[in-house]
Amino acid sequence: MSVDAATVKKIASLARIAITDEEVAKIAPELDNILGWIEQLGEVDTSSVEPMTAVIANTLRLRDDVVTDGGKRDAVLANAPQAEHGFFTVPKVIE
Amino acid sequence: MTDITDLGVRELRDGVRAGTFSAREVADSFIVAVSKAKQLNAFLVETPDHAVAAAKEADAARAAGETLKPLAGVPIGMKDLFCTKGVQSAAASHILEGFKPEYESTVSQKLWDAGAGMLGKLNMDQFAMGSSNETSYFGNVISPWRRADGGKAPLAPGGSSGGSSASIAARLCPAATGTDTGGSIRQPAAFTGIAGIKPTYGRCSRWGIIAFASSLDQAGPMARDVRDCAIMLEAMSGFDAKDSTSLQLDVPKWEAGLNASLAGKRIGIPKEYRVDGMPAEIEALWQQGIDWVKDAGAEVVEVSLPHTKYALPAYYIIAPAEASSNLARYDGVRYGLRELPEGANLQEMYAATRAAGFGAEVKRRILIGTYVLSAGFYDAYYTQAQKVRTLIARDFDEAWKTCDLLLTPTAPSAAFALGEKSADPIAMYLNDVFTVPSSLAGLPAMSVPGGLDKAGLPLGLQVIGKALDEQGVLDACLAIEERAGFKARPEAWW
Chain A
682 MSVDAATVKK IASLARIAIT DEEVAKIAPE LDNILGWIEQ LGEVDTSSVE PMTAVIANTL
742 RLRDDVVTDG GKRDAVLANA PQAEHGFFTV PKVIE
Chain B
49 MTDITDLGVR ELRDGVRAGT FSAREVADSF IVAVSKAKQL NAFLVETPDH AVAAAKEADA
109 ARAAGETLKP LAGVPIGMKD LFCTKGVQSA AASHILEGFK PEYESTVSQK LWDAGAGMLG
169 KLNMDQFAMG SSNETSYFGN VISPWRRADG GKAPLAPGGS SGGSSASIAA RLCPAATGTD
229 TGGSIRQPAA FTGIAGIKPT YGRCSRWGII AFASSLDQAG PMARDVRDCA IMLEAMSGFD
289 AKDSTSLQLD VPKWEAGLNA SLAGKRIGIP KEYRVDGMPA EIEALWQQGI DWVKDAGAEV
349 VEVSLPHTKY ALPAYYIIAP AEASSNLARY DGVRYGLREL PEGANLQEMY AATRAAGFGA
409 EVKRRILIGT YVLSAGFYDA YYTQAQKVRT LIARDFDEAW KTCDLLLTPT APSAAFALGE
469 KSADPIAMYL NDVFTVPSSL AGLPAMSVPG GLDKAGLPLG LQVIGKALDE QGVLDACLAI
529 EERAGFKARP EAWW
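Heads up: the protein sequence lines correspond to chains A and B, in order.
Everything in the first sequence is counted per this note's numbering, starting at 682 for the first residue and increasing by one.
Everything in the second sequence is counted per this note's numbering, starting at 49 for the first residue and increasing by one.
FYI, nobody ran anything at the bench for these hints, they're computed from the structure.
Among the hints, erroneous ones may be present.
[Said to hold, decoys possible] Derived DSS-like pairs (lysine-lysine); straight-line CA-CA distance at most 25 angstroms:
id : chain 1 : residue 1 : chain 2 : residue 2
1  : B       : 342       : A       : 753
2  : B       : 357       : B       : 502
3  : B       : 319       : B       : 301
4  : B       : 84        : B       : 104
5  : B       : 133       : A       : 753
6  : B       : 469       : B       : 84
7  : B       : 449       : B       : 502
8  : B       : 449       : B       : 342
9  : B       : 535       : B       : 514
10 : A       : 753       : B       : 290
11 : B       : 357       : A       : 707
12 : B       : 313       : B       : 342
Same shape as in the complex, but just chain B (with noise of 0.2 angstroms):
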């Protein structure tokens, strides 16, 4: 019999509703693979207990014939960046080491309500701030994967959410929430060989995750394939008036939509992602990726997004600027952190407490943010970065002129090294380039495998979307998907 960690979302949710296994057995299978994976470093809290009341809920309500609920039986793992009512919600940071929420986030309390269990709280960059999972206060997540040398150096799993990337791609859990702020899903998805949406930008209340920077952070789940991650994302999505820019729409049926024929679906390819300097997998990749979805009946189009090169400076402006803000509440007052030097006055105290408590990323980033926010600064570089914004809006405006969606490569290379790119930001911050237009944008857009590279490590394609148009992006995924037939993971050695 298959393992049933080896199980995805919907064969575990099927699984159960046809009394296959109890839900118990698949939350005792998945608290065991978690509690023998130390050594990745994805799991900053195990929450076992929680998992099992929720088999247990799932159980009893099989027993008495009712009917279960979308999640019932499937256990999943939680970002550190979600707040969790009584168990640990750090944001992988010292200075809010030991807070525990006496809320709920939105986002996790519709998983709960959904019947899905909670396996435990996720590495992740310190306050999503990184691409590689090594700002963590708590040490790097180590990828599951290994290059096919035979090395063992320890790999990226990406980030921010890489804790959800490395344990999905482990089968330590189905499914995980992660963030998206530039990246934050679809690349540690690509990194893993694993699939992740963003949705459009206010379709998951933003209440109960911790900001980082508010105009672009979006929630979104991460699984294994584009079903599962459809299955999570309509029990995630939803309005909520806790959230003044959540959208008041009602959640598509997005799992019963899934259709991967693109018969008269038009795909741009945006001809400003061919950066300098892109291995040649990538494109081979990407070329790949263009076959694909005129097979499934897609027509494919060149489009332009020629504001494309300012995007990431100008995220590099917005998202520090809006961190600095967002950041500025963490103070030794409320919770977490205090530190108080003998002596030390009200102002010191706060200095003193942010110094201990935020890791260098955040400190670069707050720095940056406080900078082109300072007096005779911010228009020269806020303003000037929003109008940016607007332009690259613009150009998306412009592309779905002549086409539905476009596809791209998530990541303009596979998964590097721990410490490879850590000593230089802005090689790490470039990784970034094909994710950040769409978040600047607000729109949805996923990452789903399309296969490996040289070194034996996943690749992945990007489908953005339209505003809202999460069900075509999902289709074009599922159509790659289908024909990438992506099978490839990780030997287990942890």
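In isolation and in its complexed conformation, chain A is listed as follows (with noise of 0.2 angstroms):
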């Protein structure tokens, strides 16, 4: 299979990457190529085997649903672009 100018645009918009037709131009084939390299995987036969979830044995722990942390408004703000009335802000969505 081969990547092509608008399997990169597409790409780049479901990854909200804006791109110019200039990048697209030198990315398809980038992508093509490692791709291609990538796909030997197939060779592998893999039909018995469960893909892997945990690289190290280890138990999801649980803890008791109750309030551990909050009240740190502002320092959740201190670095947003721009903040308003303790809110991040955004262009407007809703016309």
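Take the two lone chains and join them into the complex the hints point to.
Dropping the structure here:
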């Protein structure tokens, strides 16, 4: 399979990365090359193998469902590019 | 008298305890060294106040007759991937430029609690994606090493922990933190003639470390020798309820347990690691390493890890897939950069912010990750890669039936020149061929200097151990270190 310009534009749109036609022309063959190299994985017979879910056997811990943190509004907002009235602000989304 | 900056972690710790020098003298010496080494571009932010404050505390504690903390008097470097309260933590990216966390990562907090001070934040490959430190938004780190031909070609310090490796080799700090996703502690350590260990996945908390590929990311120390790494690793490890994959185990006393005798140990040599085109000098060093571990009492056996060749392609599905998910958080809303073109809506703001804020390699990996996770391709790529990962882990389990540790080269070459591989992503990815398999299996692995190549550049040997057997890994590396007698260091030109 080959990665064409339309595919790159679609992936970039899914990844929310603006991309110019010039960049598409450069990236398409790069991705095609990398994905072509990756495709050798198809050679491996994995019909009786389970996908790995944890590298080191570990049980997920449970804790009591209680509030353990909070009351840090200003700290949470401290690095926001724009914050007003105790909220993150973004361009208008509802007309 | 020896220059203080020539001393390692143990010597500094013991010297401060004994009163041979004060912690303040130590901090001041390294602060000066850092300030004079701008040409290496190893530090993104210098934090002399932090180092001095820790030193004052150590000196005051000593004056009061208190027992000093494990790292009292030892100033270190902190990779920029660790969130440090009030100090820019940008993962060497533009999108997080200016981000000053309101909290401290668990690992860095543990180091401060152990008495260490911070000299500054260390440059790295952007979001830890790279093997040469050429993807940093803030410019390449230049290795302090140069080829012995008298040329001044700037060399790669390795990556992604290239600021850590360069600054330790250049004696700007005695130790530093690194993180390793596919070799980012071990390969830079090998390139710069220092030691570095990636512990078992889950030993060090990932909380507060800017995420790249969460099932692989693991913090570890880099320092000039094995003992110094053991001291640092003890301070960095330990259970943390804030990381769901943190291992709930006591931290072993690795330093006290060090033992360079390998009597009774079986060391496996994986035949699949004899890759095509491996330089003769690397082959020779590997053989030398085999002779060293035999001399230390180990029995050497050949083993097979049949799925080795599939580790890199599996890694380049799994790591980008996880990265594409982890890096989705950089959207220009909560922290970091925001690009808001005139009249842009919310979606356009996201896309413009991410286009401006991520470097080329980061975008490349996000795009690969998005592709392999997209509808229709998920099973063929991601599920298949996770199945191959199971087989790679199984290969190691099989090997452990006939051996206790594995010995391999760390990287397939010595340090290359900056720019030499950056045009070809796959050539760059192949640099991690010996380090990625143990990352995929979550195993502890360490690089230790073995010698120099003909060009006068360091080469490293890697020891891989069973899960949780950091002690075995450290011991084998100590046995190699004692026999290699590696004393070479870059001549200061910076």
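Hint check results:
1. B/342 to A/753: Roughly 58 angstroms separates the two Cα atoms, so the pair is violated.
2. B/357 to B/502: violated (28 angstroms)
3. B/319 to B/301: Cα-Cα ~33 angstroms, so violated.
4. B/84 to B/104: At roughly 23 angstroms apart (the allowed maximum being 25 angstroms), residue 104 of chain B and residue 84 of chain B satisfy the hint.
5. B/133 to A/753: holds (15 angstroms)
6. B/469 to B/84: The hint is violated at about 29 angstroms.
7. B/449 to B/502: violated (38 angstroms)
8. B/449 to B/342: Since the Cα atoms of residue 449 of chain B and residue 342 of chain B sit roughly 19 angstroms apart, the hinted pair holds (cutoff 25 angstroms).
9. B/535 to B/514: violated (29 angstroms)
10. A/753 to B/290: With Cα atoms ~17 angstroms apart, residue 753 of chain A and residue 290 of chain B stay inside 25 angstroms; holds.
11. B/357 to A/707: violated (28 angstroms)
12. B/313 to B/342: holds (10 angstroms)
Hint compliance for this structure: hints 1, 2, 3, 6, 7, 9 and 11 are broken, all remaining hints hold.
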